[in-house]
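2 protein chains.
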Amino acid sequence: MPRVSADRSVALSEVITLHDNTVEAHLRRLCDTGRPGARLPSVRDLQREFRVSPITVQRAVRSLVMEGRAIARPGDGTFIAKPATAFSESLDHSWQTAVLGRAPQVQSGLDHLASAPTASTIALDNSFPDSGLQAHHLLTAAAIRSARRPESWDRCSPQGLPQLRAVFARELGDQFSADDVLVTPGTQAALDSIFRVLARPGDPVVLEDPCYPGAIIAARLSGLKPTPVATDEFGIVPDSLADVLAISGARLVVLQPRHSNPTGSVLSPERRTAVLAIAREFGCFIVEDDWVRDLDLDGPTGPPLIVDDPHGHVISLRSLSKSLAPGLRVAAVIARGPALARLTSARLAADFFVAPMMQATACEVLTSPGWHRHVGQLRTTLGQRRDLLCNTLLERAPSLQLRAPSGGVALWVKLPPAMSDSALAAECDRRGVRISPGSIYALTERSEPHVRIAFARSDPAMLVTAAERIADAIVAVER
Amino acid sequence: MPRVSADRSVALSEVITLHDNTVEAHLRRLCDTGRPGARLPSVRDLQREFRVSPITVQRAVRSLVMEGRAIARPGDGTFIAKPATAFSESLDHSWQTAVLGRAPQVQSGLDHLASAPTASTIALDNSFPDSGLQAHHLLTAAAIRSARRPESWDRCSPQGLPQLRAVFARELGDQFSADDVLVTPGTQAALDSIFRVLARPGDPVVLEDPCYPGAIIAARLSGLKPTPVATDEFGIVPDSLADVLAISGARLVVLQPRHSNPTGSVLSPERRTAVLAIAREFGCFIVEDDWVRDLDLDGPTGPPLIVDDPHGHVISLRSLSKSLAPGLRVAAVIARGPALARLTSARLAADFFVAPMMQATACEVLTSPGWHRHVGQLRTTLGQRRDLLCNTLLERAPSLQLRAPSGGVALWVKLPPAMSDSALAAECDRRGVRISPGSIYALTERSEPHVRIAFARSDPAMLVTAAERIADAIVAVER
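As given, the protein sequences belong to chains A and B, one line each in that order.
Just so we're aligned, residue 263 is where the first sequence starts under this note's numbering, counting upward by one.
Just so we're aligned, residue 263 is where the second sequence starts under this note's numbering, counting upward by one.
Only chain A is shown next, with the shape it has when bound in the complex (with noise of 0.2 Å):
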């Protein structure tokens, strides 16, 4: 292998079979060949031999330099470079803190998402209903139907198949039709969806308090300020809510109208009307996050806000997740007017269309004669399981403060005033209970501290154990 220097450049030059006669190709084979450390030719010297500017030089060194081949020390030379590290050596990816900057808050109160849960420990954090509850064997029959058309393999609209739209709107009554319903891949993208194209960074975005922390991180994903608006056990207060519109000027609001998480309040009719006014009197979208639809468990609570509502400000969003499955990853958007048309063309943008396979296995599903069947059968379980956990909770635990819900997948516990919801929370996780503490769902400072315990995901004798285990919990806490 030739040593390099100035002085034999020229020479080497002519020894070398030159595929590419430039002198930014002489330089990296100088460098390929050569000895770490050994000087380059000079600009000066290239120059004479290639018969070029030295602007076309130095681009060529430049070009060397950044390609980390060569190593230049201004006002001595060009020398050529140690081999790049080899793959396998340190990694060092620090450079990406400085490009990155702050981690942004999006990953609060979903943990039980990212973390799955060891084995010994009691799931009540979770609100998805267990395996034993999610309709098996409706999902793999029409799965199984579903895997053998070749269309479910295909392209589809992002607007998603005509067949399960006209499902979702069927649901909701003869006003409304295939063309108002978006399919999406969940409520949560449905969310995130609107809070990046129904308003702008910066906006805000009014919330319940407490409420859902995956629509709070949502909001904080597409950059929008969470906006508190007061509820009670009769939902969402309209004048608090007319109230934070003047204010804020937001123009969307979210809320639960039913079963609300994590509160468990079902809006009234008097306040579904007043909310609507509302929306019309500020011209506002009312996102309405119809969560748990089919876990009415005390007889059915009304249809959809939407329903009563002609003018498009309600956007519905129909969850599946916790009644079939909560790995189907199909849900509904229903609405009316451009804003659906956006929420269209966002959802394209975002993610082309949501995986035909699962959505023809939807429809599969949602028109099969055991749906109905599955339905109700899982709500009298989830009725039971309440039940349980209420009346264990109350026996063991007399300091607390519940009231069963009539729908939904958990308990919003009240503790006593001293009591600190994430001290307790901690001291359940001690003794393999999984439960939420209050403040994860709240948006302002609330002066009484609550659990929530979801009942969804164990089966009745872990729910006994859980009570108990909350009680000694709560004694422990309150010694």
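It should be emphasised that the hints constitute simulated quantities derived from the structure, not laboratory data.
Do not rely on the hints blindly, as some may be mistaken.
No copy labels: a pair is met if it fits in one copy or bridges any two.
[Stated by the list, open to error] Under the rule of at most 25 Å between Cα atoms (straight-line distance), these lysine to aspartate or glutamate pairs were calculated in the DMTMM-like manner:
1. Lys344 <-> Glu543
2. Lys344 <-> Asp558
3. Lys487 <-> Asp465
4. Lys487 <-> Glu740
5. Lys344 <-> Glu689
6. Lys344 <-> Asp501
Got chain A; can you put chain B on it based on the hints?
Relative to chain A, chain B alone:
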């Protein structure tokens, strides 16, 4: 039904059984039972009757007005409103116009995704291999096995199934592990998340000129400024990249190093090295959109760029849409350092996780003995179609300039200098062939007109017919 008047209001309040003895409830009942247009009691009367402050009365009146049950005529009084318009009557969504503002430009160049082609149209604007080239036998078998496993329907980690991530990591070699992989619902979704959380609204993002329109609409959805970098037949031009990074301050570069869409260029080995050196120099991310990984039609074109990058600059996107099926919606992001963690948080906030059923299906297919055979056959078929289309076009339309690309799914065809690409595409459309005008891929004014003609979605007979019609269209446009 009693007629309502100010004079009779006291009497009425005694007659009606009071469920809710407040001013507001009283007024609501009057509105429900009274004649539209009738005057409601005055503030003074109500104040006297209920012994409350004028503020309380005014708040109650305002509430009814906001609900649309009463109409306030300042200086005159308050009157019962007409009942709300029935749902089926004319729906007026015009209020949305002002709230939403001008539509964002997000729907350009991907129209073929939103509109289904008619049966008689030959869609050479579509990159997806046709149904006959999709691996249906593998997909169906894999999906049926996956559908029977309960975990396919349950929740899953936002990063994706560990076994699938391990498969994607193994493709790249020993230096990668499942921890470096994030599963997304397609590479469009990956681009979207990258644009959202590795840049800030208003930031520039460097895109190849011309480039894939999906990258342009994803950039716009996140409020980034698409910033062009020059390309030629060897891919991105390193000097242009260094210049644009220096001028724009961009920290995000998207490129398709292999069989770039639309030009078909393959990044040369020298340029691979140069691009990585520039990434180090400027501290930026290179997003490698490896959109046709499996479709080297003339032998291997070298490993993905990320294999040569030990420092976490390259974020590699691995698509299955062209080689497996467009409907699967499963892709991988391979990245190192905090960037991957941030992308994972963003996916969690945006849609929780990809349907585990689809992930399990992808994993089964990629590890099945039939996968490599399928890809081999696909390459052979696409190579034959490419040659057939090239030869037929060169024969029938000698004014075109084209070079067979060494991979991918489409030809990039240079038109005679004076010909309009959109005029030719429109003329082809009239003759039942859809092709893509080059201008939908352009970020700058391009002096040389091109069209893109895909050969993946049509059988040989259709390709010959299409080539003949294109040749006829050229004659018609030239005339």
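Hint check results:
In this assembly of identical chains, lysine 344 and glutamate 543 lie within 25 Å of each other by CA distance solely across copies; the values are 16 Å between and 70 Å within a copy. For the homomeric pair lysine 344 and aspartate 558, neither the shortest alpha-carbon distance inside one copy (70 Å) nor that between copies (34 Å) is at most 25 Å. For a Cα distance limit of 25 Å, the shortest separation of lysine 487 from aspartate 465 qualifies both inside one copy, at 6 Å, and across copies, at 21 Å. With identical chains, the CA atoms of lysine 487 and glutamate 740 are never at most 25 Å apart, being 36 Å at best within one copy and 56 Å at best between copies.
With identical chains, the CA atoms of lysine 344 and glutamate 689 are never at most 25 Å apart, being 56 Å at best within one copy and 58 Å at best between copies. With identical chains, the CA atoms of lysine 344 and aspartate 501 are at most 25 Å apart between copies only, with a shortest distance of 23 Å across copies and 71 Å within one.
In terms of the numbered hints stated before, the structure departs from hints 2, 4, 5, listed from lowest to highest.
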